[in-house]
Amino acid sequence: MENKKKKSEFSKYPIEDKTILIIGYILLGLFVVAIILPMVYIILASFIDPVTLQNKGLTFDFSKWTLTAYERVLGNTQIWVGFKNALIYSVLFTVISVVVTLLAAYPMSRPDFKGKGFFNTIFVITMFFGGGLIPTYLLISNLGMLDTIWAILIPGAFSVWNMIIARTYYMGIPRDLQEAAEIDGANEMVYFFQILLPVCTPIIATISMWQFVGMWNSYFDAMIYLNSASKQPLQLVLRSILIQSQPEPGMVSDMQSTAERAQLAELLKYATIIISSLPLMIMYPFFQKYFDNGIMAGAVKG
Amino acid sequence: MGKASGNTASVSESSKLHNLLVYMKQHWQLYVLFILPAFLLTIIFRYIPMGGILIAFMEYNPIRGILGSEWVGMDHFARFLSSPDFMRYLMNTLKLSVFGLLWGFPIPILLAFLLNRILSTKTKQRIQLVLYMPNFISVIVLCGIVRILLSPTGMINSLFGTQTNFMTMPSAFRTIYIASGIWQGAGWASIIYTAALSNASKELKEAAVIDGANIIQQIKAVEWPAIKDTVLIQFIMSVGNIMSIGFEKAYALQTDLNLSSSEIISTYVYKKGLLDGDYGFSTAVGLFNTVINVILLISMNKIVQRMNEGKGI
Numbered sequence: 001m002e003n004k005k006k007k008s009e010f011s012k013y014p015i016e017d018k019t020i021l022i023i024g025y026i027l028l029g030l031f032v033v034a035i036i037l038p039m040v041y042i043i044l045a046s047f048i049d050p051v052t053l054q055n056k057g058l059t060f061d062f063s064k065w066t067l068t069a070y071e072r073v074l075g076n077t078q079i080w081v082g083f084k085n086a087l088i089y090s091v092l093f094t095v096i097s098v099v100v101t102l103l104a105a106y107p108m109s110r111p112d113f114k115g116k117g118f119f120n121t122i123f124v125i126t127m128f129f130g131g132g133l134i135p136t137y138l139l140i141s142n143l144g145m146l147d148t149i150w151a152i153l154i155p156g157a158f159s160v161w162n163m164i165i166a167r168t169y170y171m172g173i174p175r176d177l178q179e180a181a182e183i184d185g186a187n188e189m190v191y192f193f194q195i196l197l198p199v200c201t202p203i204i205a206t207i208s209m210w211q212f213v214g215m216w217n218s219y220f221d222a223m224i225y226l227n228s229a230s231k232q233p234l235q236l237v238l239r240s241i242l243i244q245s246q247p248e249p250g251m252v253s254d255m256q257s258t259a260e261r262a263q264l265a266e267l268l269k270y271a272t273i274i275i276s277s278l279p280l281m282i283m284y285p286f287f288q289k290y291f292d293n294g295i296m297a298g299a300v301k302g
Numbered sequence: 303m304g305k306a307s308g309n310t311a312s313v314s315e316s317s318k319l320h321n322l323l324v325y326m327k328q329h330w331q332l333y334v335l336f337i338l339p340a341f342l343l344t345i346i347f348r349y350i351p352m353g354g355i356l357i358a359f360m361e362y363n364p365i366r367g368i369l370g371s372e373w374v375g376m377d378h379f380a381r382f383l384s385s386p387d388f389m390r391y392l393m394n395t396l397k398l399s400v401f402g403l404l405w406g407f408p409i410p411i412l413l414a415f416l417l418n419r420i421l422s423t424k425t426k427q428r429i430q431l432v433l434y435m436p437n438f439i440s441v442i443v444l445c446g447i448v449r450i451l452l453s454p455t456g457m458i459n460s461l462f463g464t465q466t467n468f469m470t471m472p473s474a475f476r477t478i479y480i481a482s483g484i485w486q487g488a489g490w491a492s493i494i495y496t497a498a499l500s501n502a503s504k505e506l507k508e509a510a511v512i513d514g515a516n517i518i519q520q521i522k523a524v525e526w527p528a529i530k531d532t533v534l535i536q537f538i539m540s541v542g543n544i545m546s547i548g549f550e551k552a553y554a555l556q557t558d559l560n561l562s563s564s565e566i567i568s569t570y571v572y573k574k575g576l577l578d579g580d581y582g583f584s585t586a587v588g589l590f591n592t593v594i595n596v597i598l599l600i601s602m603n604k605i606v607q608r609m610n611e612g613k614g615i
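Protein chains in written order, with the numbering used here: chain A, 1 to 302; chain B, 303 to 615.
Just so you know, the hints here were simulated from the structure itself, not pulled from any lab data.
Idealized CB from N, CA, C, for every residue including glycine.
Errors might be hidden in some of the hints.
In the BS3-like style, the derived pairs of lysine-lysine whose C-alpha atoms are separated by at most 27 Å in a straight line are [to be verified]: (1) A:LYS12 / B:LYS604; (2) B:LYS551 / B:LYS426; (3) A:LYS18 / B:LYS522; (4) B:LYS530 / B:LYS604.
Facing chain A, according to a computed beta carbon distance under 10 Å, are these residues of chain B, among others [to be verified]: (5) ILE346; (6) LEU416; (7) GLY514.
Negatives, chain A to chain B, calculated, CB over 12 Å [unchecked claim]: (8) THR19; (9) LEU74; (10) ARG110; (11) MET171; (12) PRO198; (13) ASP254; (14) GLN256.
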């Protein structure tokens, strides 16, 4: 039924428009294929025997298929340490960052707040100018935060950009709510926590997602500030497997020849990519709408 | 006393101060509970490092600290600006972001126009789901994917029956960087245009269709005007960020053999500073980059102000 309607809608177009549309659909189709193809290739390749994969590429001879890469990656403790650390860092960072940012955005959203200009200048300057890598590193080092979880969680906790987005959102909440609360004798804390925050859940969800995914996917701070293997987040473990081609100890060491080890290390990359991307890939369709909201919030400001 | 007109100013000054203190006392929670944490974090982790920029003018010795190290004035800047590497790293940085912008900027707009022409909402949503997906892959995994697909035995080479090692070719680096960036980000970047397009007045569009406007005319008369402002602002913001091209991806795509095109200022700052321990020099190079970036941003903001009747970003 719906199909028929579409067809008739399409056939309404004049011939030159049809040509444009068809070219357009083909372009879009190519883009979609270009996105899916590498993913499918990696999924398939991750199941194939390393020697066959290196010599012949993909094969549908299922006798050459194996789960060895998954067994070796999942059987390795460092991957799990990475997952655990990434989860801890991302959750804690999200909580700290969202709390600090939402709190700061509230006074900045009030028209009567005295000192708004001062704070605004102080905050906005940091969006454009900073001390840079070495001065920041030396500060973290002098504070004794090197190789501690705090070096990852605290310095970037306050996000000016997110504060601006939250502030814009607060300002869209009708003032009557606040006036009503003031007449009822509610103080700032009561108004903020019991009246304002509950109506701001969409923007809170959005900022939380951003911070979580941002922390989950980054590696730079962890690379420069953390040394202990036991503190490495997932991305650093992935970096040694995928980028430096140095599988974790135990993943390939039982292989006899160097060539075998190299082939297996290559195969492990495919399985590692699948295993490490799966959680976000599965979850993303469910929280996609929060990201959309956030993009719109950013656009309003932009 | 207090009769002279000159004193009224100071009286009102002091009453202003008084008002401020009364306000702060009444609303102390706003200052102490709400804004103080963010303020402290900003001062400690953003402003104190700005003071550390002094290192750029010193032969910094970690044991002696800032107070005990020797001043060298502009020596580090002179050394960097006169070294043959300077031009190369600057050009690598600029080329990577300028070409990235030229190739990467139009594609999301095109995608939004194409998505807007899909008649079935369901199909559109499915396509969007696929287009947005790569955005959630981390930099490391993206670069891992790129490396295995382009390896001598990877997908690309087995498609063409060749054994080229792209990751070791300096001439291939920029293409790899930009193409993988489009692969990952173009769909996501199209969201903002898709939204602007869906705000294009339905009535206007229907009127255009009734008037017999073809697709090209509809785009010109209805759709382009609807997204023009968004396109402009996105473009200006991207130009303003040209020097702040990220460290993470460039570093993860570097190999010893492609450095002649893949070494950019941010990766150089990292290597010089944290790997070689040349703190002063590294800070100077970073500062140089920041200053160019600030200049770019300020001039872009001026341009926006002029076009936007005095309102900056």
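- Those earlier numbered hints the structure runs against, lowest number first: 1, 2, 8, 10
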